[in-house]
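Each chain, letter by letter, is given below.
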Amino acid sequence: MIIIGEKINTSIKSVQSAVEAMDAKAVQDIATKQVEAGADYIDVNCGTFPFKEPELLEWLVNTVQEVVDVPLCIDSPNPKALVFALKANKNGKPLINSITGERERYNSILPLVLEYDTSIIALCMDDDGMPETADDRVKIADRLVESMTKEGVKLEDIYLDPMVRPLGTGSHYGVVAIQTIKKIMEEFPGVHTTCGLSNISFGLPARKLINQAFLISAIGAGLDSAILDPLDKKIMSFVYAAELLHGKDDFCLNYLTAFREGKLEV
Amino acid sequence: MADFRAIADALKAGNAPKVKELVEAAVEEGVEPSKIVNEALIVGMGEIGVLFKNNEVYVPEVLIAARAMHAGLDVVKPLMADQDVATAGKVVLGTVKGDLHDIGKNLVGMMLEGAGFEVIDLGIDVPPHKFVEAVKKDKPHIVGMSALLTTTMPAMKQTIEAIEAAGLRDEVKIMVGGAPVTQNFSDEIGADGYAPDAASAADLAKELVG
Chain A
-14 MIIIGEKINT SIKSVQSAVE AMDAKAVQDI ATKQVEAGAD YIDVNCGTFP
36 FKEPELLEWL VNTVQEVVDV PLCIDSPNPK ALVFALKANK NGKPLINSIT
86 GERERYNSIL PLVLEYDTSI IALCMDDDGM PETADDRVKI ADRLVESMTK
136 EGVKLEDIYL DPMVRPLGTG SHYGVVAIQT IKKIMEEFPG VHTTCGLSNI
186 SFGLPARKLI NQAFLISAIG AGLDSAILDP LDKKIMSFVY AAELLHGKDD
236 FCLNYLTAFR EGKLEV
Chain B
457 MADFRAIADA LKAGNAPKVK ELVEAAVEEG VEPSKIVNEA LIVGMGEIGV
507 LFKNNEVYVP EVLIAARAMH AGLDVVKPLM ADQDVATAGK VVLGTVKGDL
557 HDIGKNLVGM MLEGAGFEVI DLGIDVPPHK FVEAVKKDKP HIVGMSALLT
607 TTMPAMKQTI EAIEAAGLRD EVKIMVGGAP VTQNFSDEIG ADGYAPDAAS
657 AADLAKELVG
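Protein chains in written order, with our numbering: chain A, -14 to 251; chain B, 457 to 666.
If you are wondering where the hints come from, they were derived from the structure by calculation, not from laboratory data.
Owing to the predicted nature of the structure, the values given are computational and were not obtained by experimental measurement.
We put the beta carbon where it would ideally sit given N, CA and C, even for glycine.
Be a bit skeptical, because a hint or two may be false.
[Stated by the list, open to error] So the derived list for chain B, only partly shown, Cβ under 7 Å to chain A, looks like this: (1) Tyr514; (2) Val515; (3) Gly554; (4) Leu556; (5) His557; (6) Ile559; (7) Thr607.
Please model the complete structure; the sequences and the hints are all you need to start from.
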């Protein structure tokens, strides 16, 4: 499971103030802790500062890579901010979050993927909005995969996001997300699927419970990456258990290692 | 004697068939349709709004209550068509250009309808000129804009500027909302009001037309 640590995001209040004050120590602390907890990528997002996003995103990249070696997930729809961040990047191959099938967004982000040789998260939506059914999402995934690979993006650098919608606004949206993941993994062998966990539970109480159950179902459907809070010990424990259950942990070694390292919370 | 309380309670429970049945019975008894709307349907929806604001009911329960409200409205609306229907006011509503989020906007729409407003929903990804056209054509009292992304918040400002440029700014009140939107931002761009949630949006709308 490829874990994208979501905590360095200025929509979180404490991070907002840390970034505003350019408190490197505070930001680095969150980065280090996430890597220690098992993050494979560190997501950086300062979208709540629309007027100085490029400068701050660049600062975040520099600040984070001073203390961790894992690659960064550069999270912005703003091409200018992405360029600032990609130029500053010194860690491994970064992951851009994200491109969509919307013409304008696609045309502005794809050149950056190619120029800076990055991996890319692609959302299953286009100019017609968020599709209602799994089949319509897979159609968009198909177009995205085809056009990006034609331009030279490798399959293993593509992370398709099924676009999870809240169960509270339609109780079929869980099934839609799970089916989309399953179909994508069957039809495009070699690509990754990823998604955030919290959208599924929007508008409902006891959200963590839904997020956890969703993660387990999604891993069962083939989800091989997730954008989550690795410092949440419970959700990470479910990652280990679910991967084990779904035949993705030979000889149970990851599970046992996590147990010995005290990472499992019952 | 029509039981307005029972209608409001059935609405709050999201029981559309029951609301329909009770409203039909009330009509049968000769109760004024507008009275049914104001003293039963709007009351029930208002109460759901308060419960929602206090986290006592959740999004799906608001949706099902709104469906029950519409089951009641569908019975009385045709009867009211000839009369001059007194609404609380008219609101043009939309999610701004570049933004495809519809949940919050839809909840606000339901709460406004529940508060007696006539709502014209322009949908999502609405460019400034569409808002301007709607103000010209529908002559609303209020324009409500939603944005869920920091990247689309500037479109609220552009929309207000477009309404100003069309010379229509004095014709309407403008209210804004959405997760990243704040009172400060609302003041900055020259909106008339900001509401942090759907139930407050209905209260704000009442204030703005009051």
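inquiry  = Using the nearest Cβ pair, does Thr607/B come within less than 7 Å of chain A?
reply    = Holds, because the Cβ-Cβ distance from Thr607/B to chain A comes to roughly 6 Å (cut-off 7 Å).
request  = Using Cβ atoms only, decide whether Tyr514/B comes closer than 7 Å to chain A, and label the hint accordingly.
outcome  = For Tyr514/B, the interface hint holds, since the closest Cβ of chain A sits about 5 Å away, which is under 7 Å.
inquiry  = Under 7 Å is the threshold here; is the Cβ of Ile559/B close enough to any Cβ of chain A for the hint to stand?
reply    = holds, 5 Å
request  = Please verify that hint: Leu556/B, Cβ, nearest Cβ of chain A, below 7 Å or not.
outcome  = holds, 5 Å
Interface hint compliance - His557/B to chain A, C-beta minimum distance less than 7 Å = violated, 9 Å
key: Minimum beta-carbon distance criterion (7 Å), Val515/B to chain A   = The hint holds - Val515/B has a Cβ within 7 Å of chain A, the shortest such distance being about 3 Å.
ask   = Does Gly554/B pass the interface check with chain A, least Cβ-Cβ distance below 7 Å?
value = violated, 9 Å
Hint compliance for this structure: hints 3, 5 are broken, all remaining hints hold.
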